[in-house]
Each structure stands twice: as structure tokens, then as C-alpha cells.
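Note that the numbering used here has the sequence shown beginning at 215, numbered continuously upward.
Calculated directly from the structure, the hints in this document are not laboratory data. Careful, some of the hints might be misleading.
[Unchecked claim] Simulated crosslink set (PhoX-like; lysine-lysine; CA at most 25 Å straight-line):
id: 1; residue 1: K228; residue 2: K248
id: 2; residue 1: K268; residue 2: K240
id: 3; residue 1: K264; residue 2: K248
id: 4; residue 1: K321; residue 2: K228
id: 5; residue 1: K228; residue 2: K240
id: 6; residue 1: K268; residue 2: K248
id: 7; residue 1: K264; residue 2: K240
[To be verified] Here are the computed distance ranges between Cβ atoms for each label pair:
id: 8; residue 1: N230; residue 2: S337; range: 33 to 43 Å
id: 9; residue 1: P334; residue 2: T251; range: 30 to 40 Å
id: 10; residue 1: S329; residue 2: I265; range: 25 to 35 Å
id: 11; residue 1: T251; residue 2: N306; range: 26 to 36 Å
id: 12; residue 1: W298; residue 2: P334; range: 15 to 25 Å
id: 13; residue 1: P334; residue 2: D254; range: 32 to 42 Å
id: 14; residue 1: D222; residue 2: G315; range: 10 to 20 Å
Just so it is clear, CB atoms sit at the ideal spot from N, CA and C, and this is done for glycine as well.
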Amino acid sequence: MEYLITPDQPTQWKINPVDFIENLEKSWHDTTIKTLTNPDDYYSIEWVIKIPEKGTRLDGALHRDGQGISLDGYLEDCATFAIWFQSLVPENQELMFYDQGYNYCLKLQPNTAISDIIQPFLSQSISV
Numbered sequence: 215m216e217y218l219i220t221p222d223q224p225t226q227w228k229i230n231p232v233d234f235i236e237n238l239e240k241s242w243h244d245t246t247i248k249t250l251t252n253p254d255d256y257y258s259i260e261w262v263i264k265i266p267e268k269g270t271r272l273d274g275a276l277h278r279d280g281q282g283i284s285l286d287g288y289l290e291d292c293a294t295f296a297i298w299f300q301s302l303v304p305e306n307q308e309l310m311f312y313d314q315g316y317n318y319c320l321k322l323q324p325n326t327a328i329s330d331i332i333q334p335f336l337s338q339s340i341s342v
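Whenever a hint applies, use it, and build me the whole structure from the sequences.
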């Protein structure tokens with residue numbers, strides 16, 4: 215399932231790709247990162263994080279506009295990544311976490327927990 219993290223409102227804020235890659239490599243040890251140089255690509259950076267303790271992987275991409283991240287993986291892994299990413303962003307920059315179909319969205323807060331992200335999506339899938 216694909217999930218996204220983007221600003222809540224239009225903003226001038228952008229993710230610094232050099233700092234982002236540095237933080238990604240420092241925090242996620244088994245990561246393969248690929249920089250995309252074709253200006254027609256929707257993404258500027260793609261990565262794969264292997265999570266050996268779970269036997270899973272999380273695919274991600276930084277949007278070329280520097281304002282969004284796409285994640286493809288298990289919800290719990292995406293939620294963990296979203297909380298980590300929120301910690302890199304200035305507190306005054308509000309971010310939303312949502313699924314590709316925009317069935318549910320959640321404003322990320324400094325105190326957001328993994329369960330806060332997972333629960334609404336699980337509740338939604340049960341009620342469908």
C-alpha cells in the first residue's frame with residue numbers, strides 16, 4: 215500500500231535533499247539510495263530500507279518539488295518512518311500522513327505515536 219507525507223497547507227518549506235540523505239543513512243542502516251537525475255522524473259531520490267528483524271522492506275521516494283515523500287510498504291513500517299521524518303522537520307511545518315486514495319489522513323504532531331497513525335487505517339479497513 216502506498217502512503218504519502220506532505221505539508222498540510224501550501225508552503226515555501228522544502229526538504230533539503232543532501233541533509234535528508236545524510237539523516238537517512240545515519241538512522242536507517244540497511245538502506246540503498248538512488249539519486250534520479252532526469253528532471254522529468256516525479257521523484258528526485260528513491261530508497262529501499264531493509265528491516266531484517268521483521269523481514270520487510272520499505273520503499274520510499276522524495277518528490278522532486280522537495281515537499282513530499284511517498285512510501286510503499288507495511289503500514290507499521292510507514293508509520294515508523296513518518297514519525298522519524300517528523301522529527302527532522304521544523305515544528306511550525308505541519309505535515310499530513312495519508313494513503314494514496316486519501317481515504318484517511320492524519321496530521322503529524324511532535325507527540326504522534328505509531329499507534330495513532332495505524333489505528334484509523336485499521337478501523338477503516340475493518341468497517342469497509
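Checklist entry - Cβ-Cβ distance between P334 and T251: within 30 to 40 Å? => result 37 Å, holds
Checklist entry - Taking only the CA atoms, is the gap from K264 to K240 under or equal to 25 Å? => result 14 Å, holds
Checklist entry - Does the Cβ pair S329, I265 satisfy 25 to 35 Å? => result 18 Å, violated
Item to check | Hint consistency between K228 and K240 [alpha-carbon to alpha-carbon, up to 25 Å] | outcome: Given pair K228, K240 holds - Cα atoms ~20 Å apart, limit 25 Å.
Item to check | Proposed proximity, K240 with K268 (alpha carbon, max 25 Å) | outcome: 20 Å, holds
Checklist entry - Has the given pair, K228 with K248, been kept, meaning a C-alpha gap of at most 25 Å? => result Satisfied, since the Cα-Cα distance of roughly 19 Å is no more than 25 Å.
Next on the checklist: Need the status of pair K264, K248: alpha-carbon distance at most 25 Å?
Outcome noted: 15 Å, holds
Checklist entry - Are K321 and K228 close enough, with their CA atoms no more than 25 Å apart? => result Roughly 18 Å between the alpha carbons, so the hint for K321 and K228 holds.
Item to check | Outcome of range test on Cβ distance (N230, S337; 33 to 43 Å) | outcome: 36 Å, holds
Checklist entry - Is the gap between the beta carbons of D222 and G315 within 10 to 20 Å? => result About 18 Å separates the Cβ atoms of D222 and G315, which means 10 to 20 Å holds.
Next on the checklist: If I claimed the Cβ atoms of W298 and P334 lie 15 to 25 Å apart, would that claim hold in this structure?
Outcome noted: 19 Å, holds
Checklist entry - Does the alpha-carbon distance linking K268 and K248 stay inside the 25 Å limit? => result 23 Å, holds
Of the hints listed earlier, the one the structure fails to meet is number 10.
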